[in-house]
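S.K.: Numbering (our numbering), first residue to last: 412 to 964.
Calculated from the structure, these hints are not laboratory results. Do not rely on the hints blindly, as some may be mistaken.
Pairwise CB distance ranges (calculated) [stated by the list, open to error]:
#	residue 1	residue 2	range
1	Ala730	Gly796	23 to 33 Å
2	Asn631	Glu727	35 to 45 Å
3	Gly801	Gly737	25 to 35 Å
4	Asp543	Glu476	52 to 62 Å
5	Glu931	Ala730	27 to 37 Å
6	Glu727	Glu528	51 to 61 Å
7	Val788	Asn634	42 to 52 Å
8	Gly737	Asn631	23 to 33 Å
Ideal Cβ positions, reconstructed from N, Cα and C, are used throughout, including at glycine.
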Amino acid sequence: MTDFDRDRRKILKAGAAGLSLGLAGCIGPFADTQGVPGTTDPSEESESNGEGDDGGTDPATMVDEYLTENSANGYDGSIKDMTGQDSITIENGANEPEYEFGPAAVRVDVGTEITWEWASDGHSVRAVEGGDFDSGIENEGFTWSNTFEESGVVLYECQPHAAVGQIGAIIVGDGGSGGGGGSNGAKSQVDEYLADANGYDGSIKDMTGQGSITIENGANEPNYEFGPAAVRVDVGTEITWEWASDGHSVRAVEGGDFDSGIENEGFTWSYTFDEPGVVLYECQPHAAVGQLGAVVVEGESDSGGDGGEAASQVDEYLADANGYDGSIKDMTGQGSITIENGANEPNYEFGPAAVRVDVGTEITWEWASDGHSVRAVEGGDFDSGIENEGFTWSYTFDEPGVVLYECQPHAALGQLGAVVVEGESDSGGDGSDSGGDGGEAASRVDEYLADANGYDGSIKDMTGQDSVSVENGVNEPNYAFGPSAIRVDSGTEVTWEWVSAGHSVAATEGADFDSGIEGEGFTWSYTFEESGVVLYECQPHSAVGQLGAVIVE
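Please work from the sequences and hints to get the whole structure.
M.R.: See below:
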């Protein structure tokens, strides 16, 4: 994201209401948004008329980037599945003064006619990418339709209000990705199976782009249902069912082979979908009264991942491990994750037992009971030592590969774990501030924080966030910043939260700031606009180890 985009998003968030009112009157029906970020002259668009030119980008990702980076009003990260319908309707100018398209993002079949209905004055529907259409600016009560004949991703806007977030997106068919998730075949199969299912309204909820999702099991008693009844996910997604009432199960009927058994309220059960296709399932005791569900799985087979060499190694090591169900929980895309240590006493386990993460991920183990450790057996070199309930210990995985580990006192009883680390090595930093933890920036941090309280040698990756929080004065009397070392993007706002009295945040190198000494409950923020390494301290407690560092990329 550019600095311009980031600044623009801050402006939009701070003043969308006032800005939209002003734009409605000032740029209104006669405006020309040439040059405004998020707007495009139709003459400059791709001539693909629906096929897009994303160069292989996943359709859902393309939609999310367009709507997120331009702060689309009404977009909650989900794409509404409206496949299986010949025509649909979208509101234009809903939710005045924060004008939006309702819904902002939809998935439809090739050949679907979309009709926009004007809910307020001074709006248009204009293609930005992937199509060539422009309704012109019209007023409340007007309707305008377009039929989408080609598979692809279409990004569009309300020309007068694009700058304040009135933008939308459409995935047509498979989005030009070659996948079959949006096909009539999958939808027809789901429709036929769920024809009499409780809670099914004819739509498949699009939950792609998430590594894990949750479905309620036994909602809406006595008309028991799965909530939602039908979902669309990516290959590799882990689905967790949460029992909302007693006496339910999750059992595959077609396209899969699983059975949770019959369990009661509060129980949870998970399964990872590693193959593309349609999976139909039921609650075995209540299938006859309509408790049915379906999962449409999109993408290429993941058999080269969980089913490949890495997963075989994990399977072999964890064959008798407590809590291991044969699946590796996908936790990629997160800078840091947490694993319980010593859960499920007396059958002690790591929760989850097996995870998949990106290179550079920090894993924190949280002790759930006494007398446990985290010790590498293969693929790593670490040992937390034996600690008790409430203790936490962290380690950053900078090299790709498979790391097998154990709780040393309870390994013989099955407390084993595994980490599959994906990506390129993070140890070959180029010496610049944007290098890995092994580069010059990390060396400077290591040197400064050598005796700092709370520093374990790892730098917590908090990139990809506009704002982050750091605790000030944790772990009394050995005062620390929590976390003591972080990595952020330029433009990130860091807020320090005082958890005890008599602390400050004062730069010692790389920046010029000083919060002053404040008491518990105080907060203070600073935005890091320049890349580099910033070293700082709590002025009253620096001599006893309360030091911190920020790597800005």
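S.K.: Take the hints in turn and mark each one as holding or not.
M.R.: Hint by hint, here is what the structure shows:
1. Ala730 to Gly796: 23 to 33 Å: For Ala730 and Gly796 the Cβ distance comes to about 27 Å; the hint holds.
2. Asn631 to Glu727: 35 to 45 Å: 43 Å, holds
3. Gly801 to Gly737: 25 to 35 Å: 31 Å, holds
4. Asp543 to Glu476: 52 to 62 Å: Between Asp543 and Glu476, where Cβ atoms are some 21 Å apart, the hint is violated.
5. Glu931 to Ala730: 27 to 37 Å: 50 Å, violated
6. Glu727 to Glu528: 51 to 61 Å: 59 Å, holds
7. Val788 to Asn634: 42 to 52 Å: 50 Å, holds
8. Gly737 to Asn631: 23 to 33 Å: 31 Å, holds
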